[in-house]
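Chemist: What follows is the residue order along each chain.
2 protein chains.
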Amino acid sequence: MPSTTLAALGGRATAASKVLATAGSAAKDTALRVAAELLERRVAELLEANATDLARAQADGLAATALDRLRLDDRRVGLMADGLRQVAGLPDPVGEVTEGSVRPNGLEVTRVRVPLGVVGIIYENRPNVTSDAAGLCVKAGNATMLRGSSSALESNRAVVAVLREGLAKAGLPEDAVVLVEDTSHATAVEFMQLHGVIDCLIPRGGHALVASVREHATVPTVIGGDGNCHVFVDHSADLDMALSIVVNAKTQRPGVCNAMETLLVHRDVAGAFLPRAAEALPGVELLGDAATRAVLPGIAAADDDAYATEFLDLRLAVAVVDDLDGAIAHIARFGSRHSEAIVTRDLHSADRFCREVDAAAVVVNASTRFVDGGELGLGAEIGISTQKLHARGPMGLRELTCLKYVVRGDGQVRR
Amino acid sequence: MPSTTLAALGGRATAASKVLATAGSAAKDTALRVAAELLERRVAELLEANATDLARAQADGLAATALDRLRLDDRRVGLMADGLRQVAGLPDPVGEVTEGSVRPNGLEVTRVRVPLGVVGIIYENRPNVTSDAAGLCVKAGNATMLRGSSSALESNRAVVAVLREGLAKAGLPEDAVVLVEDTSHATAVEFMQLHGVIDCLIPRGGHALVASVREHATVPTVIGGDGNCHVFVDHSADLDMALSIVVNAKTQRPGVCNAMETLLVHRDVAGAFLPRAAEALPGVELLGDAATRAVLPGIAAADDDAYATEFLDLRLAVAVVDDLDGAIAHIARFGSRHSEAIVTRDLHSADRFCREVDAAAVVVNASTRFVDGGELGLGAEIGISTQKLHARGPMGLRELTCLKYVVRGDGQVRR
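From first to last, the protein sequence lines are chains L and D.
Here the first sequence stands for residues 1 to 415, numbered as in the numbering used here.
Here the second sequence stands for residues 1001 to 1415, numbered as in the numbering used here.
Honestly, the hints are just simulated from the structure, not real lab data.
Keep in mind the model is a prediction, meaning the values are calculated, not measured.
Just so you know, even glycine gets a beta-carbon here, dropped at the ideal spot from N, CA and C.
Label pairs and their calculated CB-CB ranges:
| no. | chain 1 | residue 1 | chain 2 | residue 2 | range |
| --- | --- | --- | --- | --- | --- |
| 1 | L | 271 | D | 1037 | 52 to 60 Å |
| 2 | L | 44 | D | 1236 | 53 to 61 Å |
| 3 | D | 1075 | L | 100 | 30 to 38 Å |
| 4 | D | 1282 | L | 415 | 19 to 27 Å |
Excised from the complex, chain L in its bound form (with noise of 0.2 Å):
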């Protein structure tokens, strides 16, 4: 019976998460570190469970992108305990005091960093995310519980046998890392209402886990991924900083989330600007509209779906905007609230955008792509939120935590 499977595994990750929750740093650390150091040592057995779900995915038919990435390989291994050495590495967020006051009354009010508890991950192929994300909440002091797919079970199991190792070595309970392993989509949306037991649940994958969590999770989410994100080149850009831009915001890795998908550029320099483009962007088909399409008359027409979809690929929507107030509205028409970005030299022009753009990042001058946790200086991230509550971007070990009022006093009553 799935039901009391996934109530005892969420048992014993709650009943784990409270001796995480108050684990030193060292220890924590200790966990991630031994685990790495098991990552590399047990490759062969890990490459072993991996082909044993690449055999069954590739006699299930699953798509090259999909294989891809399910497969790992000792690189990709080696990246896996590289990630949990990092995050050995950055400052424990737990027990960070953000604010503290006195009251009139003489009640000392403190605001203390706390782990969240137990954080549900909800996942795809990818068996990396196994130990990165696991990674992050353990040191941020949390039990996770791991719900990747069932083509990835074997490796996944094999992951997760390696990080409960490290946890038992550094002396903290196995069960802070539990795998759900009854991949079933009962046992999914039993999962994301799991209330009681999930503080927090993430996805991690495309649209149609996203639109399933948003479904159906009755548990708090933290929902991210989409990121339709587009870069304005303004009448006022510089137009060789715009061009290095733009063909870093598209080409630098164009299937990942805070990639640019559409260009928008300012009609005052269409003419000047969009050829070059054009020329730069080699590999890249361009949809555009009427004005676009005026001055690159070899291109394909680009329709509202263009311009909402995200492409994750080497295609690029194109419209020319009359001004600023137009580049904003055609964001708030079609963007996904990611990241955007404006180049210019006009600094009213910046802080307007700034301001009247609606996202989690908003860039001035600069590729989209540096809207990441690394690059932000976040140390490492489990995903970048689009929501507005609780994260917003990209969500590192601090938004793996939340905070505690701590009052104290010396027998203070309410009047």
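Starting from the structure of chain L, add chain D where the hints point.
Modeler: Then chain D, alone, in the frame of chain L:
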């Protein structure tokens, strides 16, 4: 067709939220002060609308306590006006730069406090929630969609009309405060699923409302209100202090979420403390476990249900525990993670209690009743969250905002 109406209303609120988001403090404060004045000037009209609601509610057989919550009078309208003026006097949270740094590549990264956007409030029959909640939302630069109960519809219409007039007189869009006048259950569910419109949904009401939001909401929510709060009297406690805190926490206002519902007493002081507590709580019905009843033989037996119940009344469950661990375990099992207090002279016990008890607020040697936005220095509160994401404990103006990354460069691209 309700769905068109609600979508249209949401569209208007969204449009207004864009204006509010960049509105200056002066305009927002003017809107609140004008509304406060109008509330007082139009008290006769408000009471007339309220009388219509009361008459219908009485005919519908609404319970006396519910009728009392619905009822407005001169004093209550005056308090609503005072509340708006108080919020107008608080510092504006919008625009605060919470942190900033320069990355090694020269990128300047700041996090700036911005409004959430559109805040949905779903509540029951207290018309003062209409002005209290909308006032806080406006001050924090948000548009608000209010969905109160059908029983308070005329009262809410009258209050919302005043708030909208205040906005208009301050040159702000009236649609920053809109009332969902269709109070059907179907529309309530649709409201909870207004994805893309509502950035944060806050229920203010009892268990049934919170459960319904938990079940149906697909928009981000902040849920709270459950307050099964404990006071633990340690063996080292100053028993005079403990008595004063226990009486205050139980009786100063028994119907609110930060009142004590269960008293835990260390077995070493049970004999000395419990008779004094019983004597000091003359109007309070006590329910106890076997050890408590050995000291206080006249009281009823408490079962698990009693320990799990938020009485919100002059009833108190009592349990004798072996030690601090017993108290922490009892709270972990039955508490609602709201506010938990210890009375002790022992530093180690105080520290362990603060660290190991999982609650929005832990309190040492003071009444649980202090866990309140006003008492903790937030100025005013829109509710008390018992979830861990985004807001934990009292939610003030700051919790009605979020942080936006602002990244400024001079042409940086990612390698």
